[in-house]
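A.B. asks: Given the sequences, and given the hints that come with them, work out the whole structure.
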Amino acid sequence: MERVYLNDDWKFTEEFSEKLIEKTYDDSGLLDVRLPHTCKEVPLHYFDEKEYQMVSGYRRVIHAPKKWKEKTLLLTFEGVAHDSRVYINGELVGEHHCGYTAFTVDISDKLILGESNVITVRVDSNESLNIPPFGFVIDYMTFGGIYRDVYIDVKNAIYIDDVFVMTKLAKAGANSATVSEVAVRGLKAGVSIRQSVRKKSADEEFQVLDEDYPADMNGAEKAEKADCEISNENAACDKTRTYTITHNTGKVDLWDVDNPVLYELKTELIYRGKVIDEKIITFGYRKAVFHEDGFYLNGKKLKIRGLNRHQSYPYVGYAMPESMQKMDADILKNELGLNAVRTSHYPQSHHFIDRCDELGLLVFTELPGWQHIGDEAWKLQAIENVKDMVKQYRNHASIILWGVRINESVDDDEFYERTNAAARALDPTRPTGGVRCYKNSNLLEDVYTYNDFLHNGKNKGCDKKTAVTSDMSKPYLISEYNGHMYPTKPFDWEEHRAEHAIRHANVLDEVAAQEDIAGSFGWCMFDYNTHKDFGSGDRICYHGVMDMFRNPKLAAAVYAIQQEEKPVLEISSSMDIGEHPGCNRGDIYILTNADSVKMYKNDKFIKEFFAEDTKYENLKHAPILLDDYIGDALEIGENMSHRQAEDLKQILNEAARVGINSLPRTMYLKAMRLVARYHMNMTDAVELYNRYIGDWGGSSTVYRFDAIKDGEVVKTVYRQPMKKVYIKADVDHTELSEKNTYDVAAVRITATDEYGNTLSFFNDPICLSVEGPVELIGPDIVCLSGGMGGTYIRTTGKTGKAELTISSAQAEAVTIDITII
1 MERVYLNDDW KFTEEFSEKL IEKTYDDSGL LDVRLPHTCK EVPLHYFDEK
51 EYQMVSGYRR VIHAPKKWKE KTLLLTFEGV AHDSRVYING ELVGEHHCGY
101 TAFTVDISDK LILGESNVIT VRVDSNESLN IPPFGFVIDY MTFGGIYRDV
151 YIDVKNAIYI DDVFVMTKLA KAGANSATVS EVAVRGLKAG VSIRQSVRKK
201 SADEEFQVLD EDYPADMNGA EKAEKADCEI SNENAACDKT RTYTITHNTG
251 KVDLWDVDNP VLYELKTELI YRGKVIDEKI ITFGYRKAVF HEDGFYLNGK
301 KLKIRGLNRH QSYPYVGYAM PESMQKMDAD ILKNELGLNA VRTSHYPQSH
351 HFIDRCDELG LLVFTELPGW QHIGDEAWKL QAIENVKDMV KQYRNHASII
401 LWGVRINESV DDDEFYERTN AAARALDPTR PTGGVRCYKN SNLLEDVYTY
451 NDFLHNGKNK GCDKKTAVTS DMSKPYLISE YNGHMYPTKP FDWEEHRAEH
501 AIRHANVLDE VAAQEDIAGS FGWCMFDYNT HKDFGSGDRI CYHGVMDMFR
551 NPKLAAAVYA IQQEEKPVLE ISSSMDIGEH PGCNRGDIYI LTNADSVKMY
601 KNDKFIKEFF AEDTKYENLK HAPILLDDYI GDALEIGENM SHRQAEDLKQ
651 ILNEAARVGI NSLPRTMYLK AMRLVARYHM NMTDAVELYN RYIGDWGGSS
701 TVYRFDAIKD GEVVKTVYRQ PMKKVYIKAD VDHTELSEKN TYDVAAVRIT
751 ATDEYGNTLS FFNDPICLSV EGPVELIGPD IVCLSGGMGG TYIRTTGKTG
801 KAELTISSAQ AEAVTIDITI I
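No gaps in the numbering here: position 276 of the sequence shown is 276 in the working numbering, and each next residue is one more.
You may find that some hints are simply not true.
[Claimed, not checked] Beta-carbon label-pair distances, calculated as ranges: (1) Ser-473 x Glu-414: 15 to 25 Å; (2) Asp-538 x Asp-330: 25 to 35 Å; (3) Asp-330 x Tyr-46: 24 to 34 Å; (4) Thr-815 x Lys-615: 45 to 55 Å; (5) His-733 x Phe-47: 22 to 32 Å; (6) Phe-761 x Thr-76: 45 to 55 Å; (7) Tyr-46 x Met-682: 49 to 59 Å; (8) Gly-29 x Lys-723: 16 to 26 Å; (9) Lys-724 x Asn-334: 28 to 38 Å; (10) Asp-627 x Asp-595: 17 to 27 Å.
[Unchecked claim] In silico SDA-like links for lysine to any residue, alpha-carbon gap of 20 Å or less: (11) Lys-601 x Gly-586; (12) Lys-387 x Lys-566; (13) Lys-566 x Glu-335; (14) Lys-23 x Glu-91; (15) Lys-458 x Pro-428; (16) Lys-604 x Ser-700.
For the record, the hints were derived by calculation from the structure and aren't laboratory data. For each residue, glycine too, the CB sits at the ideal point set by N, CA and C.
C.D. replies: The following block contains the structure:
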């Protein structure tokens, strides 16, 4: 009962040859690498995807101690992209044909004990493979390499092959039960099973549920008949036997998005009074159900609000360790205020899903694929992918839906009957879904999941369920929206970035209004590298509410304001008049989760904007249109009557938004009244406009916005011309620790003014340098994009102090202290 990680000391070559599998091959000339590893580090953008398409080779020497005699040795690869063959001392011992699921090889009789052995892995990352997701174009780069953990589990001859934990509960506070399927390999007479449970977060011992549950099943519940008979104590079953064990666990705390309580079930094999194997499974008691009218968690209706996530990163593609996987879950939950994520378009790291379990982030995961359905061999591999996905991820409390259709593929009933059957056979507790981009598609799944790209900025946010689904009695979920409909770069002009945010708000509001839509997943969390057939020509899809380094665009605030824990205040404009066509300010929005926002101009109060001032009817917090730049200045400063000041203020504020030539008829009527009654003329109006709104050619204005929550100022935003450039660096953690492999810290970098506002057109280079036992991932000179960028720091196997220095020709250098323990 030991796990030995093999993430260090690998040799790598971009050109596999048969010589690599020979034990005596001299690999001293190969590159030293650590896992997770990408077969090819690439630029941030403007590179050819052919660069990572290769047949590469990995070699590692492992000493097999003699104490492993008569042990079962299970070699597991968590993720190898995309087609792999594993050799031990020159002998082919296993192969796997999916880049997104794990595989295990029994190497018990393949290692020479007491000697050094060579593990060789042939990795094919070409996109010409006849396996999912390949076969046609794909809107994301697939990268390559051994990009997740590798380890050997050392077990006895009798061991627990698998444990699947299911729960039964009626409602909160009611008596609950665990139902576990325990698969035992190499079973002998006299072996018994003991199970115990504890709350994971509590400092307590495991509470025994059953003492010495008889594995020979005498008088016990049996899941299936034995595959072989055990005639005496010395005989062993060479097949896996599965048992179903039910325990009443009484009152438990439920796993919920707001209180994700987790439990651990420990299963032990007992033989002659000793524990010969154990497995601990983390799970949660919760009831997640899709109904005709929406999604219910523990009996309470919950509108799913999520984003889609790819598992890629700048430079290294898929190859990032535990800390970075968990960081993305933290961003989704804590920074963006979401309650769900879709792992598009493949199963993702258990580290990421573990963190979703811990945070209360609902997960919709799916089999690998994108639009294309291949031949029968391809389909058989896809079905195997479904089986692997379900078996490997079914104990995660956060997962609520299995995606068993190839994303956006056409109907193929015979194929999808098999994928649905595979998922349901292995997990009867969760529904199936299948992402399509077609209305009234054949529905073999339990939930109709659909990519709704109806919204174009001027129409309604989404279609009604009645216009999309082929079966109104089944649940309905929107799996994608926006995305390619309005790509937005961090350096796009201001009104484009604001429109991007508003489109996300429009869809969220309409989904909230439709009671029979279970929820929605926006496309997508962050920008990502894509193929030449997609994106903006530079191999990036700018579809994210964040950039590739996870810096937020304005649209991210539309999601962030939906949570209450952290105060949010964003203004959609820099308030620089020359950023707008014709110097008309256009629609400027306040995005906040506060009760109200007070606006000041040159320290003079203009207006207080309240949450209920928004045009959106269904979101608790929504964008508020900034519709007044004048306040009572006309009455006080120009000695106007209240009626005259109000009429003129409305005209000037509307002119600021749409321009003088696009004023609505009502504004012209007011203007005629002002001319007739107060003898005002166009010259007067223009002068007043420039004085109180325009700022064109006059003294610049300082704006201040105070967000008010429960009567207190919780956040302040200033808008005024910058005087100095500052470099801001946010590091997700500065104390790095190597556990089973190297650790990585993410550094998000922005150029700001003195008030912390991002300088959206600062695209200048910055220099990065490190000292101490760390190294940079990516180049040491990078250009910011829209005032944003980033880098990553990787440990090197040594402890001590380190520094990262970020310098710019226009700003003072920033130094970050790092400790590696």
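A.B. asks: Need the list of violated hint numbers for this structure, in ascending order.
C.D. replies: 8, 12, 15
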